[in-house]
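From first to last, the protein sequence lines are chains A and B. All residue numbers for the first sequence refer to our numbering, where the first residue is 1 and numbers rise by one. All residue numbers for the second sequence refer to our numbering, where the first residue is 1 and numbers rise by one.
The set of hints was computed from the structure by calculation and includes no laboratory data. Check the hints yourself; a few may be wrong.
Note: identical chains are not told apart, hence a pair may lie in one copy or across any two.
Calculated cross-link-like contacts (lysine-lysine; reagent style DSS-like; alpha-carbon spacing at most 27 Å) [to be verified]: (1) Lys11 / Lys86; (2) Lys208 / Lys11; (3) Lys11 / Lys129; (4) Lys148 / Lys390.
On a predicted model such as this, the values are computed, not experimentally measured, just so you know.
There are 2 protein chains.
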Amino acid sequence: MENFTFLSPTKIIFGRGVEDQVGEETKVYSKKVLLHYGGGTIKRIGLYDRVVKSLRDAGVEFIELGGVQPNPRLSLVKQGIELCRKHNIDFILAVGGGSVIDSAKAIAVGVPYEGDVWDFYSGKAVPEKALPVGVVLTIPAAGSEASKSSVITNEDGWYKRGLNVEIIRPKFAIMNPEITFTLPPYQTACGAADIMAHVMERYFTHQKDVDFTDRLCEATLKTIIKNVPIALEEPENYEARAEIMWASTIAHNDLLSTGRIGDWASHAIEHELSGIYDVPHGAGLAVVFPAWMKYVYKEDVDRFVQFATRVWDVEMDFANPERTALEGIHRLTQFFKKIGLPVTLEELGIPDDRLEEMADKCTNNGTKQIGNFRKLGREDVLNILKMARK
Amino acid sequence: MENFTFLSPTKIIFGRGVEDQVGEETKVYSKKVLLHYGGGTIKRIGLYDRVVKSLRDAGVEFIELGGVQPNPRLSLVKQGIELCRKHNIDFILAVGGGSVIDSAKAIAVGVPYEGDVWDFYSGKAVPEKALPVGVVLTIPAAGSEASKSSVITNEDGWYKRGLNVEIIRPKFAIMNPEITFTLPPYQTACGAADIMAHVMERYFTHQKDVDFTDRLCEATLKTIIKNVPIALEEPENYEARAEIMWASTIAHNDLLSTGRIGDWASHAIEHELSGIYDVPHGAGLAVVFPAWMKYVYKEDVDRFVQFATRVWDVEMDFANPERTALEGIHRLTQFFKKIGLPVTLEELGIPDDRLEEMADKCTNNGTKQIGNFRKLGREDVLNILKMARK
Chain A
1 MENFTFLSPT KIIFGRGVED QVGEETKVYS KKVLLHYGGG TIKRIGLYDR
51 VVKSLRDAGV EFIELGGVQP NPRLSLVKQG IELCRKHNID FILAVGGGSV
101 IDSAKAIAVG VPYEGDVWDF YSGKAVPEKA LPVGVVLTIP AAGSEASKSS
151 VITNEDGWYK RGLNVEIIRP KFAIMNPEIT FTLPPYQTAC GAADIMAHVM
201 ERYFTHQKDV DFTDRLCEAT LKTIIKNVPI ALEEPENYEA RAEIMWASTI
251 AHNDLLSTGR IGDWASHAIE HELSGIYDVP HGAGLAVVFP AWMKYVYKED
301 VDRFVQFATR VWDVEMDFAN PERTALEGIH RLTQFFKKIG LPVTLEELGI
351 PDDRLEEMAD KCTNNGTKQI GNFRKLGRED VLNILKMARK
Chain B
1 MENFTFLSPT KIIFGRGVED QVGEETKVYS KKVLLHYGGG TIKRIGLYDR
51 VVKSLRDAGV EFIELGGVQP NPRLSLVKQG IELCRKHNID FILAVGGGSV
101 IDSAKAIAVG VPYEGDVWDF YSGKAVPEKA LPVGVVLTIP AAGSEASKSS
151 VITNEDGWYK RGLNVEIIRP KFAIMNPEIT FTLPPYQTAC GAADIMAHVM
201 ERYFTHQKDV DFTDRLCEAT LKTIIKNVPI ALEEPENYEA RAEIMWASTI
251 AHNDLLSTGR IGDWASHAIE HELSGIYDVP HGAGLAVVFP AWMKYVYKED
301 VDRFVQFATR VWDVEMDFAN PERTALEGIH RLTQFFKKIG LPVTLEELGI
351 PDDRLEEMAD KCTNNGTKQI GNFRKLGRED VLNILKMARK
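Construct the entire structure; sequences and hints are all you get.
Below, the structure is given as structure tokens:
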């Protein structure tokens with residue numbers, strides 16, 4: 001086990017009706033906030049009105065900035081930064097899913113910074129200050145509500161890049177599973193793949209003797225595997241929605257990383273897919289992850305055997321452990337199919353003609369390796385993309 | 001699943017050599033602290049010297065108060081409160097196990113309070129302010145390093161009572177598994193029972209649809225079951241010690257309580273044993289918990305079946321689930337025996353003559369019920385104590 005520091009100070013307020021507490025939670029930090037959200041969904045389901053009422057009841061003023069798109073864009077982030085500066089705003093309230101929260105985090109680090117906020121995503125600078133961010137979560141997927149991550153897409157070149165720093169962890173996350181009842185099935189499934197990917201990126205490590213966190217990872221994966229099909233069958237099943245929502249936070253608040261080094265190659269590769277083709281991140285992950293697994297499993301067959309037996313209840317083939325390992329990967333792929341996700345680039349609607357370009361971008365034209373379970377260069381990434389074709 | 005709020009803001013600094021960071025972590029809060037500890041162990045193993053050096057290097061002054069005993073005493077807490085007031089101290093650094101940390105927390109709430117600090121433990125008052133507390137942990141057991149609990153024994157009547165409030169969660173916990181290499185086997189085993197009890201108190205609930213936290217509980221129990229025998233066999237096995245230490249924190253930082261109502265009757269009963277007879281809390285729990293289980297399992301046989309199959313890998317007896325449930329309780333008892341713990345009052349050295357008195361004290365002379373899985377009155381507590389006799 002590696003030495004580690006773990007601090008996850010986001011206050012989680014979870015359950016039926018908790019969105020009515022947003023005003024009280026927000027006013028602890030500020031009386032004038034940026035209310036940041038996506039499209040019309042939060043208005044259609046009445047959430048917008050409840051949030052606005054709660055803010056007004058608590059005496060919190062707000063300026064609005066809607067319009068966050070999936071794979072949130074740098075241009076809107078810059079608009080948000082200007083808006084905050086103009087109105088002397090010192091708190092961002094994100095009402096939405098991962099895209100809205102990531103956009104809010106980008107605004108939060110951008111406001112106190114004199115340079116271009118993209119510096120933080122391109123790796124040119126590290127943010128030292130951030131406005132506090134609060135969250136009302138609508139989609140269990142990204143885990144951004146309690147994470148130190150933000151991923152933004154720069155339209156200039158369609159680069160999708162991430163920032164990981166402690167100062168952007170939200171102060172609070174208000175999570176009512178009822179709000180997720182109206183999520184379309186495809187979005188529920190994409191969320192599931194995202195949650196599972198967050199766990200699997202951490203699970204596939206060469207670090208020995210991390211059995212406790214292994215088991216916490218397995219617990220989280222099993223929760224998703226059990227409850228997502230229930231939620232798809234019965235969209236208003238509160239209990240299934242609640243299990244998924246709480247698991248999505250724990251999947252990415254870094255508890256599951258403690259003492260170990262994760263991989264994160266599949267995320268890096270997927271960012272090239274959704275950066276160029278604007279596909280849902282979760283759908284991209286459902287395509288990339290099984291291909292990555294097939295490409296790298298020989299690095300540590302035992303770990304894939306553990307994944308197969310403990311997560312998927314595959315019976316151990318003691319005479320042929322590799323068969324057990326492969327069966328685990330197969331079960332994962334079948335699960336993604338069962339919940340309605342694509343598992344090939346073809347199914348995702350991505351043609352073959354820009355695979356080289358994606359491999360280039362992902363590895364900085366072959367000058368950079370990605371991943372830790374197996375270090376991957378440009379050719380490796382290209383091979384994985386080719387394996388994912390159909 | 002119940003609505004919940006979860007906030008666990010203790011900064012965990014974990015791994016080899018991390019005690020050298022205590023000065024830097026402490027000076028964020030204060031330049032003059034109370035250094036609170038137990039007996040001579042921390043001096044014998046060199047920890048005291050390393051902590052003192054780190055504090056001095058960071059320019060942190062300290063006043064010392066050693067002498068915390070297992071089942072920490074109110075009289076020493078009162079001495080600590082006086083000392084802090086006299087020297088204008090505004091931070092308590094606890095170097096030790098659960099007893100030292102609990103004592104530090106009691107001092108922390110006592111200093112800013114004009115009345116008797118016991119008011120908070122007797123339920124007469126609720127603390128509104130507390131000095132910040134930091135921890136260098138030496139024993140994985142109580143989970144007090146990241147919990148909102150403190151348990152103190154009042155020598156006047158030998159009442160052992162607990163306080164549970166958010167404001168006493170430590171600011172940081174410095175945890176080096178190497179420090180636990182020299183723990184005597186019996187203390188390691190008592191710690192294991194304490195950790196397992198913290199999980200089991202939460203696990204046995206009537207709350208339905210809490211499968212995610214069930215699985216997190218099972219992951220934690222399996223970690224203890226696997227690693228404690230290794231640590232007993234090889235006291236300097238870093239990896240086993242590390243798994244136990246990290247599991248002990250997660251067992252009691254309230255993650256495993258989210259969305260559910262725990263039981264806590266066994267803890268209440270045990271407090272009467274260690275309050276009167278000054279036995280180690282973990283040893284008392286190893287005696288009480290199996291007896292409690294045998295007394296209450298019929299309330300929800302299915303939950304005990306799940307415990308047996310998922311935690312102890314008991315094969316399900318579909319024709320006779322009750323047999324499976326009982327086998328789980330049996331395996332727990334056998335595990336406690338295997339790691340060298342008493343499982344009867346007789347083995348713990350507690351005679352039969354004061355069982356009535358303990359049942360009285362535990363239930364406030366029969367006026368109060370304890371537990372949630374099954375509400376227990378005075379006669380129930382007496383029955384459990386009688387079942388635990390031999």
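Alpha-carbon proximity context of lysine 11 and lysine 129, limit 27 Å: both (20 Å within a copy, 19 Å between copies)
Up to 27 Å between alpha-carbons, please classify lysine 148 paired with lysine 390: within, between, both or neither. neither (34 Å within a copy, 53 Å between copies)
Within, between, both or neither: lysine 11, lysine 86 at alpha-carbon 27 Å: neither (29 Å within a copy, 36 Å between copies)
Identical-chain pair category, lysine 208 with lysine 11, by Cα at 27 Å: Close across copies (24 Å), not inside one copy (32 Å); limit 27 Å.
In summary, the structure is inconsistent with hints 1 and 4 from the numbered list given earlier, while agreeing with the others.
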